[in-house]
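So for the sequence shown, my numbering puts the first residue at 9; every next one is plus one.
The set of hints was computed from the structure by calculation and includes no laboratory data.
Idealized CB from N, CA, C, for every residue including glycine.
Mixed in with the good hints, there may be bad ones.
Here are the computed distance ranges between Cβ atoms for each label pair [what the hints assert, rightly or not]:
id : residue 1 : residue 2 : range
1  : Ala-177   : Val-96    : 29 to 39 Å
2  : Asp-180   : Gly-133   : 37 to 47 Å
3  : Glu-129   : Glu-93    : 34 to 44 Å
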Amino acid sequence: MAVIHRATLVPSKLELISSWLAGRPWGSGEGEVRRVGSYRFDDPAGEVGIEGFLVSRGRTVFHVLLTYRGAPLVGGAPWLVGTMEHSVLGTRWVYDGVGDPVAVAALVRAARGEQDQAALEVHDGNAVTRLEPDVRVYPLDDGSASVNPADAPGASPELIVDGPVAEVAFGDARLRVARVLGAELGGSRRLAAEWPDGEATVVAVV
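All chains should be modelled from the sequences, with the hints used to inform the complete structure.
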(Lines of atoms letter the chains of each structure in order from A; the text may use other names.)
(Lines give C-alpha, C1' and ligand atoms only; values in the text may rest on other atoms or scores of the structure.)
Protein backbone atom coordinates (compact mmCIF):
# COMPACT_ATOMS: atom_id res chain seq x y z
CA MET A 9 0.00 0.00 0.00
CA ALA A 10 1.46 3.35 -1.07
CA VAL A 11 0.42 6.16 1.27
CA ILE A 12 0.03 9.55 -0.42
CA HIS A 13 -0.21 12.60 1.82
CA ARG A 14 -2.16 15.66 0.77
CA ALA A 15 0.75 18.04 0.96
CA THR A 16 2.56 20.95 -0.60
CA LEU A 17 5.77 20.04 -2.46
CA VAL A 18 8.44 22.63 -3.25
CA PRO A 19 9.54 22.25 -5.98
CA SER A 20 6.79 20.09 -7.45
CA LYS A 21 7.57 16.65 -8.86
CA LEU A 22 6.87 17.86 -12.39
CA GLU A 23 9.25 20.80 -11.92
CA LEU A 24 11.99 18.42 -10.78
CA ILE A 25 11.33 16.08 -13.70
CA SER A 26 11.32 18.92 -16.24
CA SER A 27 14.66 20.26 -14.98
CA TRP A 28 16.21 16.79 -14.88
CA LEU A 29 15.04 15.87 -18.40
CA ALA A 30 16.51 19.11 -19.75
CA GLY A 31 19.95 17.88 -18.68
CA ARG A 32 19.70 14.51 -20.44
CA PRO A 33 20.84 14.19 -24.08
CA TRP A 34 17.79 12.04 -24.84
CA GLY A 35 15.40 14.21 -22.79
CA SER A 36 16.07 17.76 -23.93
CA GLY A 37 13.81 19.58 -26.35
CA GLU A 38 11.33 22.37 -26.82
CA GLY A 39 7.91 22.60 -25.24
CA GLU A 40 6.27 22.07 -21.88
CA VAL A 41 6.61 18.77 -20.04
CA ARG A 42 3.16 17.44 -19.14
CA ARG A 43 2.18 14.69 -16.75
CA VAL A 44 0.50 11.67 -18.37
CA GLY A 45 0.23 9.55 -15.23
CA SER A 46 2.18 7.50 -12.72
CA TYR A 47 2.37 4.16 -10.94
CA ARG A 48 3.96 3.12 -7.65
CA PHE A 49 5.61 0.11 -6.08
CA ASP A 50 5.93 -0.66 -2.40
CA ASP A 51 9.34 -0.90 -0.78
CA PRO A 52 9.20 -4.13 1.29
CA ALA A 53 11.05 -2.28 4.08
CA GLY A 54 8.58 0.59 3.98
CA GLU A 55 11.31 3.24 3.82
CA VAL A 56 11.60 4.34 0.19
CA GLY A 57 8.92 5.73 -2.08
CA ILE A 58 9.02 4.37 -5.64
CA GLU A 59 7.08 6.13 -8.39
CA GLY A 60 7.26 5.76 -12.16
CA PHE A 61 6.06 8.74 -14.18
CA LEU A 62 4.97 8.97 -17.77
CA VAL A 63 5.39 12.53 -19.01
CA SER A 64 5.09 13.97 -22.50
CA ARG A 65 6.66 16.73 -24.51
CA GLY A 66 5.01 17.08 -27.89
CA ARG A 67 4.55 13.55 -29.25
CA THR A 68 7.34 12.03 -27.16
CA VAL A 69 6.44 10.17 -23.96
CA PHE A 70 9.19 9.72 -21.38
CA HIS A 71 9.32 7.16 -18.58
CA VAL A 72 10.91 8.65 -15.46
CA LEU A 73 11.46 6.35 -12.48
CA LEU A 74 11.95 8.20 -9.19
CA THR A 75 12.60 7.27 -5.58
CA TYR A 76 11.89 9.41 -2.53
CA ARG A 77 14.05 9.08 0.56
CA GLY A 78 14.06 10.72 3.98
CA ALA A 79 17.89 10.80 3.99
CA PRO A 80 20.55 10.78 1.26
CA LEU A 81 21.28 7.48 -0.47
CA VAL A 82 24.85 6.45 0.37
CA GLY A 83 26.84 6.61 -2.85
CA GLY A 84 23.83 8.00 -4.67
CA ALA A 85 25.12 11.46 -5.59
CA PRO A 86 25.35 10.66 -9.34
CA TRP A 87 21.68 9.70 -9.30
CA LEU A 88 20.32 12.66 -7.35
CA VAL A 89 17.53 14.43 -9.24
CA GLY A 90 17.09 17.03 -6.49
CA THR A 91 15.52 17.67 -3.12
CA MET A 92 12.05 18.89 -2.33
CA GLU A 93 10.31 20.13 0.78
CA HIS A 94 7.25 18.08 1.70
CA SER A 95 4.84 19.89 4.04
CA VAL A 96 4.09 16.64 5.92
CA LEU A 97 7.29 14.56 5.63
CA GLY A 98 9.94 17.29 5.50
CA THR A 99 12.94 17.21 3.17
CA ARG A 100 12.86 14.42 0.59
CA TRP A 101 15.85 13.36 -1.49
CA VAL A 102 14.69 12.42 -4.98
CA TYR A 103 16.75 9.98 -7.08
CA ASP A 104 16.77 8.59 -10.60
CA GLY A 105 15.39 5.14 -9.89
CA VAL A 106 17.77 3.28 -12.21
CA GLY A 107 20.52 4.10 -9.70
CA ASP A 108 18.55 3.20 -6.58
CA PRO A 109 18.74 -0.47 -5.58
CA VAL A 110 15.25 -0.40 -4.03
CA ALA A 111 13.63 0.74 -7.28
CA VAL A 112 15.69 -1.57 -9.48
CA ALA A 113 14.80 -4.59 -7.32
CA ALA A 114 11.11 -3.66 -7.50
CA LEU A 115 11.17 -3.42 -11.31
CA VAL A 116 12.98 -6.75 -11.59
CA ARG A 117 10.37 -8.41 -9.38
CA ALA A 118 7.50 -6.75 -11.25
CA ALA A 119 8.78 -7.82 -14.68
CA ARG A 120 8.98 -11.39 -13.37
CA GLY A 121 5.47 -11.29 -11.97
CA GLU A 122 6.69 -11.36 -8.37
CA GLN A 123 5.44 -7.93 -7.27
CA ASP A 124 2.26 -6.06 -8.19
CA GLN A 125 2.03 -2.31 -8.42
CA ALA A 126 1.01 -0.68 -5.17
CA ALA A 127 -2.54 0.18 -4.22
CA LEU A 128 -2.89 3.88 -3.45
CA GLU A 129 -4.24 5.37 -0.23
CA VAL A 130 -4.58 9.14 0.20
CA HIS A 131 -4.24 10.59 3.71
CA ASP A 132 -5.67 14.07 4.26
CA GLY A 133 -5.61 14.81 7.98
CA ASN A 134 -7.79 12.10 9.54
CA ALA A 135 -9.50 11.25 6.25
CA VAL A 136 -8.29 8.24 4.27
CA THR A 137 -9.48 7.42 0.74
CA ARG A 138 -8.48 4.90 -1.91
CA LEU A 139 -7.23 6.20 -5.25
CA GLU A 140 -7.16 4.35 -8.55
CA PRO A 141 -3.80 4.62 -10.34
CA ASP A 142 -3.91 6.37 -13.70
CA VAL A 143 -1.21 4.07 -15.10
CA ARG A 144 -1.49 0.30 -14.82
CA VAL A 145 1.66 -1.84 -15.01
CA TYR A 146 1.73 -5.60 -15.43
CA PRO A 147 4.11 -8.36 -16.59
CA LEU A 148 4.12 -9.89 -20.06
CA ASP A 149 5.67 -13.35 -19.74
CA ASP A 150 6.69 -15.20 -22.89
CA GLY A 151 7.28 -18.39 -20.94
CA SER A 152 11.05 -18.12 -20.66
CA ALA A 153 12.13 -20.82 -18.23
CA SER A 154 15.32 -19.47 -16.72
CA VAL A 155 15.43 -16.52 -14.35
CA ASN A 156 17.87 -15.32 -11.72
CA PRO A 157 16.92 -14.43 -8.15
CA ALA A 158 14.84 -11.25 -7.96
CA ASP A 159 16.79 -9.74 -5.09
CA ALA A 160 20.50 -9.06 -4.78
CA PRO A 161 21.07 -8.08 -1.14
CA GLY A 162 23.80 -5.48 -0.82
CA ALA A 163 24.15 -5.01 -4.58
CA SER A 164 24.33 -1.57 -6.16
CA PRO A 165 23.01 -0.93 -9.67
CA GLU A 166 25.71 -0.42 -12.29
CA LEU A 167 24.65 1.64 -15.30
CA ILE A 168 25.97 -0.08 -18.43
CA VAL A 169 24.22 2.04 -21.06
CA ASP A 170 22.22 5.25 -20.73
CA GLY A 171 20.13 6.74 -23.49
CA PRO A 172 16.55 6.18 -24.68
CA VAL A 173 17.07 2.80 -22.99
CA ALA A 174 18.99 2.49 -19.72
CA GLU A 175 20.69 -0.87 -19.14
CA VAL A 176 21.53 -1.70 -15.54
CA ALA A 177 23.46 -4.62 -14.06
CA PHE A 178 22.14 -5.57 -10.62
CA GLY A 179 23.60 -8.63 -8.96
CA ASP A 180 22.91 -11.46 -11.41
CA ALA A 181 20.11 -9.55 -13.14
CA ARG A 182 20.32 -7.30 -16.20
CA LEU A 183 17.51 -4.75 -16.36
CA ARG A 184 16.65 -2.52 -19.32
CA VAL A 185 14.38 0.45 -18.68
CA ALA A 186 12.75 2.52 -21.41
CA ARG A 187 13.51 6.20 -20.84
CA VAL A 188 11.71 7.09 -24.08
CA LEU A 189 8.60 5.01 -24.75
CA GLY A 190 8.69 3.11 -28.00
CA ALA A 191 12.40 2.29 -27.74
CA GLU A 192 13.19 -1.36 -28.53
CA LEU A 193 13.94 -3.33 -25.36
CA GLY A 194 13.96 -7.00 -26.39
CA GLY A 195 14.07 -9.31 -23.38
CA SER A 196 11.87 -12.17 -22.25
CA ARG A 197 10.45 -10.91 -18.97
CA ARG A 198 8.69 -7.65 -19.80
CA LEU A 199 6.78 -5.06 -17.80
CA ALA A 200 4.08 -3.15 -19.68
CA ALA A 201 2.40 0.14 -18.84
CA GLU A 202 -1.09 1.12 -19.93
CA TRP A 203 -3.01 4.34 -19.45
CA PRO A 204 -6.44 5.59 -20.63
CA ASP A 205 -5.29 7.52 -23.73
CA GLY A 206 -2.37 5.31 -24.70
CA GLU A 207 -1.60 1.82 -25.96
CA ALA A 208 0.10 -0.75 -23.75
CA THR A 209 3.85 -0.16 -23.99
CA VAL A 210 6.80 -2.11 -22.58
CA VAL A 211 8.67 0.03 -20.04
CA ALA A 212 11.17 -2.48 -18.61
CA VAL A 213 12.59 -5.93 -19.33
CA VAL A 214 14.78 -8.43 -17.52
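Hints versus structure:
1. A beta carbon spacing of about 36 Å between Ala-177 and Val-96 agrees with the range 29 to 39 Å that was offered as a hint.
2. The hinted range of 37 to 47 Å is satisfied by Asp-180 and Gly-133, whose Cβ atoms lie roughly 45 Å apart.
3. Between Glu-129 and Glu-93 the beta carbons are some 22 Å apart, a value that contradicts the proposed interval 34 to 44 Å.
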